[in-house]
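Undergrad: So the chains spell out like this:
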Amino acid sequence: MTDHREERPNPRSGVPTDVGGHETRDEATTLPVLPGDLHAVTGLSSRTLWGDAWRRLRRNKLAIIGLIWIVAVVLMTVSADLWVAPLFGDPLTVDTTPGASLQSPSLEHPFGTDKLGRDVFARVVYGARVSLTVGVLAVSISLAIGLMLGALSGYYGRFVDTLVMRSADVFFAFPYILFAIALIAVLGPSYRNVFIAIGILGWPSIARVFRSSILSVKENEYVDAARAMGASDFRIMFRHIMPNAIAPIIVYGTMSIGGAIITEAALSFLGMGVQPPTPSWGLMLSDAKSLMFRAPWLTIWPGFAILTTVLAFVLMGDGLRDALDVKMKE
Amino acid sequence: MLKYTVRRIFQMIPVFIGVTLILFILRAPGVLPGDPVRMITGERAIPDALREQIVKKHALDQPLHRQYVIYIGNLLQGDLGESYQRGRPVLDIFADKFPNTLRLAFAGIIVEIIIGLTAGIISAVRQYSFLDVLVTLSTSILVSVPVFWLGMLFQIFFGIKLKEWTGGAVHLPISQMSSAEFPDWAHLILPAITLASVSTAYVARIMRSQMLEAMGQDYIRTALAKGLTRRAVTFRHGLKNALIPVVTFVGIDFGVMMGGAILTETVFSWPGVGREIFLAVGQRDWPIVMGGVIIIVFLVMIINLIVDLSYALLDPRIRYGGDAE
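Sequence order for the protein chains is A and B. In this text, residue positions in the first sequence follow the working numbering: the first is 21, and each later residue adds one. In this text, residue positions in the second sequence follow the working numbering: the first is 173, and each later residue adds one.
No lab work stands behind these hints: they were computed from the structure.
Once the Cα atoms are required to be at most 27 Å apart in a straight line, the calculated DSS-like pairs of lysine-lysine come out as: (1) A:LYS135 x B:LYS333; (2) A:LYS309 x B:LYS333; (3) A:LYS135 x A:LYS309; (4) A:LYS309 x B:LYS335; (5) B:LYS412 x B:LYS398; (6) B:LYS269 x A:LYS309; (7) B:LYS269 x B:LYS229; (8) B:LYS335 x A:LYS135.
Only some residues are given here: those of chain B computed to face chain A with a beta carbon under 7 Å: (9) PRO186; (10) LEU198; (11) SER312; (12) SER316; (13) PHE320; (14) GLY432; (15) LEU435.
Note that the structure is predicted; figures quoted are calculated from it, not measured. Cβ coordinates follow ideal geometry from the N, Cα and C atoms, glycine included.
Go ahead and model the full structure; you've got the sequences and the hints to work with.
TA: See the structure below:
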C-alpha cells in the first residue's frame, strides 16, 4: 500500500510528521489503519480512526436514531423491575378475576392484556431481555467460531482454506430456518439452545467476511515488514492484521444482532424456541395467532417491538458501514 | 462452457455429501432423543416380531455408517425411504406438496421482480428525490419486519378490518382454503406478498445501487451525447447492464423460497414443503426431514448452476473458459 498522506506540519510541534508515520511509531501507539485510510480523507493525522468514525456516525441521523432506540430499549428493560412491574403488573402473574383477560388497551394497560390477564406492555418490555440477550450471545458465538475459522482460512490459505470454505458451503446449502429447527429438535427447545443454534448457524458468513478482509489486508507491506523482522504468525495475526481487518466484522456483527433477534422470534413463534411462560416477542405472537381477530393488540405490539429493535440494529449497521468506510456487497 | 458446467457439477458433490452427513449425524442414536421404532408405532406395546420387521425395513439395526451407505445407495436410485408415521414413500409425500410450494414461490418471485425492480429503478433514476428516500427507508423497514408478523397484520387488515369498513364488499382470502367466494389465484395474493416482502426490499436495494453504477459509466454519456432519449438510455443501456446481480439474487431467492417459506406457510396454513418438513421434525419423522432437505438442497444447487450459466447469455463479456474461476 502506498501512503497517500502528504507531509504536513504537526499542529502541536510545528515539525513535519514523518511520512507513513504509523509504521515507524512505537507499537503501543500504532493506530489501526483501514485500506481507505481515513486520515488521508480528514487530513488530520492526530485523529484516531475510531474518533473519525464516531464523528461521521454522529452526522448520520438515522444511525443515531437507531443507537438511541437501542440504548432506550436496554435501559427500559434493565430497569423494568423498578417501574413496569409496580405500574402495570408482573409479566408472569396470571390474573384470573373475571374480565381481566383480553382487555383492550387502556390507561391502566396501555397495550391491553392477554388471555391469561397478563399486562401486554409489561410482557413486551420484559421480552426485550430475551431478544437482546439471545441476539448478543448468538452473535458472540458466531463471532468466536467465525473469526477463528475465517482467520485460519484467510491467513494460511491452501488446505485449511479449502476445508473451511467447503464447510461454509455446506452450511449455506441448507435452508437456514430448517437447519435451525433441526438443530433445536436435537438440542431440545430452550432459551439457551436457541442462542446456541443461531450462533452455530451464523459462523459461515462471519468467516467469509473476515477471510476476504484478511486476504486484502495481508497483502500490505507492513505485514511483510513484520514478517521480515521475525514476528511470529500469532503476533502478525493479532497485532498487524486483525486490527486492520476488523471493520467489516463490526458492521456485519451489528446487523447480525438484528438478524438473530428475528430468528429467535421466528423459532419461538414456531414453538422451537423460548418456552412459556417466559415473555418473548415471538412466543407472544404465537399465542396471539388464535386470537388475532378478537384481540389484535396481542399481535400488533410484540411485532412492533421486534420491527423497531431490529430496524435500530440495521440502521446502526448501515451507519457504521458508512462511518468506517466499509465496502460490502448487498 | 461444457468444461465449466462439468466442473461445477463435480464441485457440488462434496457439498452434497456434507449436507447428507450432517443430517445423518443429527439423527444418530444418542443425538436425537427418542426411539425410532416408537416414532413409527406410537406408545402402544408391539410384538417383537413386528418390531423386528420395522427395524429391518428401515435398516435401524445396522451401524450408522452402514445406514448411511444404504441411504445414499437408495437415494441414487431415486428412493428416499418411507415415512415413519405416514406409511408412505417420502417422494410421494413431497410430490403432493411441491406444487403448492412452487405456486407460492412463483407468485412471490413475480411480486419481488415487479415491485422490487420498479422501486429500484425509480430510486436510482430520481436519486435523492423524495421517492428515493421513501424507497430507501421502506427497504430498511422491510428487511427488519418479521414475515410471520407481516402475514398476521395482512390477515387482520385485509381479511377482517377491510371487510368491516367496507360493509363486506372488499376483502381478500386469508388462507389456502378454497371457497366459492374467490377464484383460486386470489388465495395467492396475501401469502405471496408476505413471502416476497424481505426479498423485494433486497431486489430494490441491489437494483438501485447497480443502476446508479451503470448510469455513471462512460457508455451512458456516449449514448446521451449521440442524442438518444433519456428513456432509451436508461432502459436499453443502463438497465440491461445492471440486471445481472439482480438475476443472481432472484435465482438464489427462488431456491430459498422452496424450503424457507415455513413461516409464511404456517401463518397462512399453506400446505407446502417447508411446513411438511417442520411438522416432521416435531414428530421425529426423520425420513421426511432428510428427504425434504435433500430435495431442497439439490434444487437450490441446480438453480444456482442455471443462474451462473445464464450469465454467459446475459453478458457476452462473460465466457467460462477452462481456467476461469
